[in-house]
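Peer 1: Those protein sequences? They're chains A and B, same order as listed. Residue 206 in UniProt numbering sits at position 206 of the first sequence; the count goes up by one each step and never skips. Residue 163 in UniProt numbering sits at position 163 of the second sequence; the count goes up by one each step and never skips.
Possibly wrong hints are sitting among the right ones.
To be verified - Between beta-carbon pairs, the in silico distance windows are:
hint: 1; chain 1: B; residue 1: Lys-30; chain 2: A; residue 2: Gln-168; range: 24 to 32 Å
hint: 2; chain 1: A; residue 1: Gly-163; chain 2: B; residue 2: Gly-164; range: 22 to 30 Å
hint: 3; chain 1: A; residue 1: Val-137; chain 2: B; residue 2: Lys-30; range: 36 to 44 Å
hint: 4; chain 1: B; residue 1: Glu-86; chain 2: A; residue 2: Val-144; range: 36 to 44 Å
hint: 5; chain 1: B; residue 1: Asp-126; chain 2: A; residue 2: Gln-168; range: 36 to 44 Å
hint: 6; chain 1: A; residue 1: Gly-87; chain 2: B; residue 2: Pro-249; range: 28 to 36 Å
hint: 7; chain 1: B; residue 1: Ala-91; chain 2: A; residue 2: Gln-168; range: 19 to 27 Å
hint: 8; chain 1: A; residue 1: Gly-87; chain 2: B; residue 2: Glu-254; range: 16 to 24 Å
hint: 9; chain 1: A; residue 1: Gly-87; chain 2: B; residue 2: Asp-126; range: 22 to 30 Å
hint: 10; chain 1: A; residue 1: Lys-246; chain 2: B; residue 2: Gln-195; range: 41 to 49 Å
hint: 11; chain 1: B; residue 1: Ser-11; chain 2: A; residue 2: Val-144; range: 45 to 53 Å
As the list claims (entries may be wrong) - Listed below are the simulated DSBU-like cross-link pairs for lysine-lysine, each with C-alpha atoms no more than 30 Å apart in a straight line:
hint: 12; chain 1: A; residue 1: Lys-252; chain 2: B; residue 2: Lys-120
hint: 13; chain 1: A; residue 1: Lys-252; chain 2: A; residue 2: Lys-166
hint: 14; chain 1: B; residue 1: Lys-108; chain 2: A; residue 2: Lys-252
hint: 15; chain 1: B; residue 1: Lys-140; chain 2: B; residue 2: Lys-22
Hints were generated in silico from the structure; no laboratory data involved. Using N, Cα and C, we set each Cβ at its ideal position, and we do this for glycine too.
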Amino acid sequence: MNIHAIRAIYLFEMARTWRTLLQSIASPVISTSLYFVVFGSAIGSRMVEIDGISYGAFIIPGLIMLMLLNESISNASFGIYMPRFSGTIYEVLSAPVSYVEIVTGYVGAAASKSIILGLLILATARLFVDFHIAHPVWMVTFLVLTAVTFSLFGFIIGVWADGFEKLQIIPMMIVTPLTFLGGTFYSVNMLPPVWQTITLFNPVVYLISGFRWSFYGVADVNVGISLGMTVLFMVLCVGVIHWIFKTGYRLKN
Amino acid sequence: MDSVISVRNLSKTYDSGFQALKQLDLDIRKGEIFALLGPNGAGKTTLISIICGIVRPTAGTVLASGFDIQQHYRAARGKIGLVPQELTTDAFETVWATVTFSRGLFGKPRNPAHIERILKDLSLWDKRNDKIMALSGGMKRRVMIAKALSHEPEILFLDEPTAGVDVELRRDMWQLVEQLRERGVTIILTTHYIQEAEELADRIGVINHGKLVLVDEKDALMQKLGKRELHVQLATPLTRIPEALSALPLTLSEDGLEITFTFDARDEQSGIAPLLRQLEDNGIEFRDLRTRESSLEDIFVHLVHESRNAETTAGRESA
Chain A
1 MNIHAIRAIY LFEMARTWRT LLQSIASPVI STSLYFVVFG SAIGSRMVEI
51 DGISYGAFII PGLIMLMLLN ESISNASFGI YMPRFSGTIY EVLSAPVSYV
101 EIVTGYVGAA ASKSIILGLL ILATARLFVD FHIAHPVWMV TFLVLTAVTF
151 SLFGFIIGVW ADGFEKLQII PMMIVTPLTF LGGTFYSVNM LPPVWQTITL
201 FNPVVYLISG FRWSFYGVAD VNVGISLGMT VLFMVLCVGV IHWIFKTGYR
251 LKN
Chain B
1 MDSVISVRNL SKTYDSGFQA LKQLDLDIRK GEIFALLGPN GAGKTTLISI
51 ICGIVRPTAG TVLASGFDIQ QHYRAARGKI GLVPQELTTD AFETVWATVT
101 FSRGLFGKPR NPAHIERILK DLSLWDKRND KIMALSGGMK RRVMIAKALS
151 HEPEILFLDE PTAGVDVELR RDMWQLVEQL RERGVTIILT THYIQEAEEL
201 ADRIGVINHG KLVLVDEKDA LMQKLGKREL HVQLATPLTR IPEALSALPL
251 TLSEDGLEIT FTFDARDEQS GIAPLLRQLE DNGIEFRDLR TRESSLEDIF
301 VHLVHESRNA ETTAGRESA
């Protein structure tokens with residue numbers, strides 16, 4: 001195991017985070033605060049409770065997930081796309097590192113960053129609404145699992161993309177809609193039966209539901225299924241990455 | 001066996017169908033400076049990229065320091081440093097950060113003293129806290145060399161190290177290469193500047209169309225293929241070479257003012273003295289004499305042409 005290499009990639013990527021601190025951390029925090037001001041305080045005060053939870057508190061897990069998904073994907077995809085774009089990837093490819101080490105470094109850094117962001121958003125939310133966390137250990141587990149899984153997904157996008165446009169297209173066209181429709185702002189149970197069934201094909205539903213359960217002990221779908229789906233998606237991403245390095249797809253001729 | 005890199009039967013066909021390397025064999029000796037010459041698209045960069053692990057070979061094996069580059073890639077790659085042809089650097093990182101990163105990436109523990117020494121050797125020390133994008137092209141090239149040396153490699157690949165580099169930096173690089181050789185580092189460089197190979201290399205390999213056309217000691221190569229020429233400036237123009245001299249390998253310039261005599265550098269008797277006597281006997285007066293040794297460039301151009309001709313002939317025969 002080339003620990004020095006993992007450390008080097010990790011620290012290098014984290015340095016990028018600190019260097020672009022304002023953009024990396026401030027902007028998601030600000031935009032989440034805006035959601036809380038609008039949906040939590042302004043509109044939320046006129047909304048009825050959902051499953052016995054005030055609306056402001058109800059949307060917290062969903063909002064954190066929304067940011068976590070987007071940030072994980074964009075951090076990880078950018079992290080691997082930039083060296084490909086600038087050509088500095090040659091160094092990583094010529095180094096005595098295995099692909100597990102490369103992925104650990106890049107994905108680890110991307111996931112760390114989004115976990116930090118998630119916790120920051122959680123702290124910010126505390127300023128607007130009062131909430132409690134029923135299962136803190138599970139909360140952290142879901143947070144880490146989701147961050148890692150979607151950083152893996154972002155890594156795949158970063159390898160697949162051959163332009164900045166493609167880098168943006170999946171988060172914008174697929175992930176954001178799925179998150180909005182995945183129960184960030186409502187409970188799946190509030191939908192008409194047909195839509196409830198359709199919604200179950202949206203993987204993000206399981207993430208948000210499980211995460212919300214760790215906060216309030218209520219869930220749209222069984223928490224075991226949530227966990228299973230998250231792990232399944234993670235395994236899928238690992239499989240794709242394994243294939244990428246095995247075939248050298250877009251990395252090696 | 002003292003070869004530090006041994007390439008056997010190496011072939012590479014790209015997805016496009018382009019055959020960049022054709023069953024190439026090559027041995028690099030430990031501690032030598034090996035210059036790889038060849039026209040654009042000859043396969044130089046492909047060869048280097050395969051040895052360094054950036055491109056996958058289609059067939060064949062490569063051993064670096066005795067380790068197979070595919071089976072024991074960790075051991076093999078750890079010994080190798082690469083300075084690629086393109087100026088590819090990070091932009092926002094500092095010089096210090098990027099060089100430190102490289103060392104870690106190659107599995108070495110931190111060693112600020114070593115990085116400091118490299119940066120000082122490369123006159124980058126004053127720039128260590130500058131962002132790379134603020135550096136000039138020449139400075140970026142130095143940064144890339146610093147990165148390649150950060151993990152103390154035994155083998156260093158310099159892919160066109162002095163392309164687009166000013167004279168001063170080129171001199172500095174040559175000096176650096178000499179220093180590295182003294183420390184026992186094996187250096188393989190590709191270059192377009194024949195002068196560079198002539199100046200630095202112990203051995204020279206010429207590659208064309210994915211094949212090694214020739215590998216030899218530089219000195220031997222220069223001697224073996226080196227022709228010398230004697231240029232004789234005449235006092236009065238000649239219309240043609242006199243009958244009496246027609247047996248000699250002479251050519252007359254168009255204006256009739258210069259005779260060129262070609263002879264082999266290896267021959268003990270150059271034939272100059274008899275030639276001059278004969279000129280005098282024939283009443284040809286001359287103003288000046290000068291001899292010229294054919295440079296590596298001439299040899300190179302000659303070889304590349306020869307292999308191209310051989311290729312077309314072979315192509316015709318097989319057709």
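Peer 1: Name the hints, by number, that the structure is in violation of.
Peer 2: Result: hints 1, 3, 6, 8, 12, 15 break, sorted rising.
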